[in-house]
Structures are given as structure tokens and as C-alpha cells.
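With the hints as constraints, model all of the structure from the sequences given.
Each chain, written out:
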Amino acid sequence: MRTLHLRRTALRLLVLLASTFIALTTAFALGRLSGDPTVNILGPTAPPEQREALRHELGLDRPPLTQYLDYFRSVFTGDFGDSLQFYQSNTTLILERLPYTLQLVAAGMTIAVLIGVPLGVLAATREGTWWDRAASTLALLGQSVPVFWLGMMLVALFAVKLGWLPAGQSGTPRHLILPAVTMSLYPMAHIARLTRASMSEALAEPFIDSARARGLSTAGVVWRHAFKNALMPVLTIVILQTGILMSGAVAIEYVYSWPGLGQLALQAVQFRDYPLVQAIVVFGALTFVVLNLLVDVIHSIVDPRVR
Amino acid sequence: MSRLDVKPAVKEPQAPRRATGGGRRTRRARTSVFWLSVPLAAIAALVFILPVTGLLPDGGQNLSQTRLPPAFLAGGTWDHPLGTDKRGQDVLTELVTSGRVTILIGLVGALVAIGPGVLIGMLAGYLRGWVDRVISIFIDAQLALPFILIALAIISNRGSSLPVLFSVLALTGWAACARVTRSATRTIREQQFILALRAAGASETRIIFRHVLPNLAGTVVALGTLQIGTAILIESALSFLGLGVVPPTTSWGSMLASGQDELGQAWWIAFFPGLAITVLVLLVNLLGDALLTHYDPRKRRR
Chain Z
1 MRTLHLRRTA LRLLVLLAST FIALTTAFAL GRLSGDPTVN ILGPTAPPEQ REALRHELGL
61 DRPPLTQYLD YFRSVFTGDF GDSLQFYQSN TTLILERLPY TLQLVAAGMT IAVLIGVPLG
121 VLAATREGTW WDRAASTLAL LGQSVPVFWL GMMLVALFAV KLGWLPAGQS GTPRHLILPA
181 VTMSLYPMAH IARLTRASMS EALAEPFIDS ARARGLSTAG VVWRHAFKNA LMPVLTIVIL
241 QTGILMSGAV AIEYVYSWPG LGQLALQAVQ FRDYPLVQAI VVFGALTFVV LNLLVDVIHS
301 IVDPRVR
Chain Y
1001 MSRLDVKPAV KEPQAPRRAT GGGRRTRRAR TSVFWLSVPL AAIAALVFIL PVTGLLPDGG
1061 QNLSQTRLPP AFLAGGTWDH PLGTDKRGQD VLTELVTSGR VTILIGLVGA LVAIGPGVLI
1121 GMLAGYLRGW VDRVISIFID AQLALPFILI ALAIISNRGS SLPVLFSVLA LTGWAACARV
1181 TRSATRTIRE QQFILALRAA GASETRIIFR HVLPNLAGTV VALGTLQIGT AILIESALSF
1241 LGLGVVPPTT SWGSMLASGQ DELGQAWWIA FFPGLAITVL VLLVNLLGDA LLTHYDPRKR
1301 RR
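Chains as they are written, first to last, in my numbering: chain Z, 1 to 307; chain Y, 1001 to 1302.
These are calculated hints, taken from the structure and not from any lab test. There may be inaccurate statements among the hints.
[Claimed, not checked] Among the chain Z residues that face chain Y by a calculated CB cut under 10 Å, a handful are:
1. Leu16
2. Phe21
3. Ile22
4. Thr137
5. Val155
6. Ala159
7. Leu245
8. Leu266
9. Ala268
10. Tyr274
11. Ala285
In this text, a Cβ means the ideal position worked out from N, Cα and C, and glycines have one as well.
So, in C-alpha cells, the structure goes:
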């Protein structure tokens, strides 16, 4: 048993390392091999000497293999060079914006879990009723709406028309409400759908009938027996969605002018600040790997069957 | 020879219950496919036929009629049913012209994603072994990067244009399609008729393209439908950020961008395109879900 578990973990780790490697290589290829970025950075009319100078500064005049190895060294040392527009180290810039994004993601995810999970459980325990249909439609709606548009409409209603809440900037908890609610919507829908599926599967298990037969209360059966078994997929998606929101909520951060990572990524693209884009992409990929590892660790702690 | 130890395709004890349940569900799915197609066809008709009829208000600029509210609000007129924007252009007319762009990008964007996705997923699912393992690692790696980061990496280098937009849609969409196709193919290749074909001496290429692929058709159609919704959402987000369609082309996403600055004075400029995206994507997603149940009754979950 013990060796089997060790082999499983090792294999899992190997696959994860391989996919990190490929993700990082893809990021490299997308950034460096898809053409000469200096044309876009300096504009088509820039003199060739200037372009050559920039190519040299970015290290693009070296052989691709050297660039590739250098790139991997930077991944390990955490030194991603300097930004072209902020004249600061990319790592510093990312770390500066990270707290804001973390704050927003944490608040958004909390709302998403607190509403999404009960909604999914409600739908699963009343499978086939109109409660179920309403919850499922609501969840599908959450996955169909462009969330940044919903954010704009919340601004128009609560900030402009009613004047209850501030719309832009950050700092106080009041500033956090609208962006966090907007942020929570997509993961909430995802969590609700997954909770429903996972719960309805757990509720069909024979041990649920046996728990009922032993005279346990409905709430006890649902939460203590079924939900415990349905928890893992939900936990997985919560953690993975967190990873996606960390760098993927560009449009939402833009709508609320939230000074997070997404906003930084957008600024980087708009100014063709190409070393910074690269650094953010690598950061996004590494976040994903770390969170995936976390999922595995939690899985083996929570679920004794995996151990 | 390990290919010959084929498991039975149907789990015996559960077969009768699933058969009846699946039948009813399939019938319900078929009716909902019909009822979802009606509004979708209506939207397509509106967007593609309305401009030809000449019923739409003039789409040009009119600086004496800027930021007119929609007709159902105080101050609105029926000359401009959904109001006008900051240049006095009719919002309804713009909505219809931009809708054509959005829908076409959604369709093409879905095609460029499911084409390679289905092919790769089918090979992984059919060939198994190391091919499957390598492809699976690539799928995982692709799903590791948030789509927006891939998009930003490409756009920061190539600028924005339609070809760039489609390559973004292809790169971000193929992996999810490949994953679903892979598992569907694994189920198909376990079935008896594949074994029979192989025994009869059919070549692997022939089995894959003449027998596995047609059996995947339903799944592919459902996947493609869902991918249209995803493509429209991605395009909207990118165009909203100014990284998608390039002016003078407008899509619903770029309409949202111009409405963003006007939220204080004229919320309707951003409201209607966003509503249009939501309704269209919701219908497409419902249709895709219905098709998925319709073509794969075993897939009860999700």
C-alpha cells in the first residue's frame, strides 16, 4: 500500500512537472518566436539602428536556445528583468500588485462559496423540482453573462444612480463590495453546478439509504453524510478557479480600476511592455502548478481512500 | 494483443433502468433542442435580414441628437427605439451591424477550436498508450494557463487583428474540446463493432475516420455549440479591453467599451449590447447542454 501510494505521488508530480515545463515553453514560444516585437514596441517607422539597440537590450539578438535557457534560469531565480514602461523590476511590480488581487479574489471566492454551495445542495436535494430548475438556470445564466458587463451595470445602478457605493479605486471595505460581488459570479455558477452534480451522485449511494434507515435527520444525512462525500470535487474547483481569477480577471479589474495584477497585465499589453507580459504569464502558470499541488495534498488529507 | 480484451460496453445490472430514463430524457432533450433553435434562428434572422429591409433607422452620426434615451423612457422617441450614443448614432442599428460581426466571430472561433481539438482528442482516445499520455500532458498544460494570459501574450507581440483573434480562440479552445472528445472516443472504441471491424481486416485509419468519427458527430456538434458561446464571451472581453476587433469594425464587445465612458449619462449604450450577448450565449449554452444530453444519454451528470 505504502509503496503504491509513493509511486502514485511520484507519477502525479512527474506529470505536473511536465505540464509546467510545457506551459512555460508555450509562454516562451508565444512571446519570443511569434515575430519581432520591436516593430510593435517602437512602431513601424523606427530607424533600424534603434530597433537593433532594443533587440540587443531585450536579448533578442542571441541564439534562440540561449534565450530559452536564460528564460528558464529566470524562472528559477525569480528575476524576470525590467519593465519597459515602469523602469522597475518585473518581480517587484508583480509583488506590489499582488495584495490587491489577493484581497479581491479572497472576497469574491468567499461570496461564491457561501452562495454557490448551498444553491447546489438545494438543487441536488430537490432534484427534478422547480427549485432545481431555477437554481440550475441561475447557474447557467451566471456562466453566460459577460461578468464585466454586469459589473458596469452594477456601477450604473449602485454608484451612479443610487450613489450607495463607490465605483472605482480601492482602500476601504466599501470599495471592495461591488468588485467582489462581480468577481464572485462566474465561480459561483461553476461551484453551484458542480456541487449539484457531485451531491446528486453522493445522495444516490446506498450508505445514504442506510443513514436514513437509522433514523438520522434529513439535515444530518445531507450535510454529514452526503456532503462530506461530495466535497472533494467542489474543493478542487474552488482552488483551481482561484488560480484563474488571480491573473484572469483583467476585464473586472479594468471596470473598477482596481490596481491588481489583471490591470497590470492590461497596461503591459497596451504599452507593448513585453518583458512584463512574459513575467505575468509565467507567474500565472506557476500559480496554477502550486495550486494543483495544493489540491493533491488536500485530497490526500481529506480523503483517506487516496492515502 | 491487449487490444482484444474488450470490456462490455453496457453495465449489465443498470441497463434496463437507464434505458427507460434515457429515453424520456432524450425525448425531452429533443423538444428543448427545437424550442431553443427558434429564438436563435430569430436572432440570426434579425441580425442578418433586418439591415436589408431598410426598416432600421439611419445609422449615421447626428450631433443634434446625442445620448437620446430609449423610446420607453421619458425623452425617447420611436425614431430611435433603443436611443442614441454620444455621436448621435442609433443604438439599435449599431446593435444589428455589430451583431453580425459577433455571431460570425463566434461561429468561426468555434470551428477553429473544435477542428484541431476533435482530431487530437480522437487520436489520443483511440491510439491510447504513449500517444495518449503525451497528448494528455499537453492538454493539461494548455488548461494550466488562463486564456486571457495566452491572449495577452499573443496580442502584445502581434497587435490585434482578426487572424490574431482566431488564433487566440483556437489556442484557448482546443484543449477543452480534445479532453471531451478523448473520453467519448475511449467509450466508442470499447464497443463490439470496432472489434468486429478489426477482425474483418479494416485498417486503423479507416476505422478512425469512417467509423469512430461519425459516431462522435453528435458530441462534436454539442461541443461546437458550447464553444460558440465561449468564443463570443472571449471575443467580447477582448474587444471590450480594446484588444479584439479593430475599428472601424464593431462588435457587441467593442460597443460595451464605448458605453463604459458613458455609464454616468447614458447607461443604455452599454446595457443593450451586454443584454444581447447574455441572451445569445445563454441560448447557445442551453442548446449545447440539450444536445449533449440528446446525443449522450449516459452522460447524466453535469
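Here's how the hints hold up against the structure:
1. Leu16: holds, 8 Å
2. Phe21: holds, 8 Å
3. Ile22: Holds: closest Cβ of chain Y sits about 4 Å from Ile22 of chain Z, inside 10 Å.
4. Thr137: holds, 9 Å
5. Val155: holds, 6 Å
6. Ala159: holds, 9 Å
7. Leu245: holds, 9 Å
8. Leu266: Constraint on Leu266 of chain Z satisfied, holds at 6 Å.
9. Ala268: With a minimum Cβ separation of about 7 Å from chain Y (threshold 10 Å), the hint on Ala268 of chain Z holds.
10. Tyr274: Where the cut-off is 10 Å and the nearest Cβ of chain Y is about 6 Å from Tyr274 of chain Z, the hint holds.
11. Ala285: holds, 6 Å
In this structure, none of the earlier numbered hints is contradicted; all agree with it.
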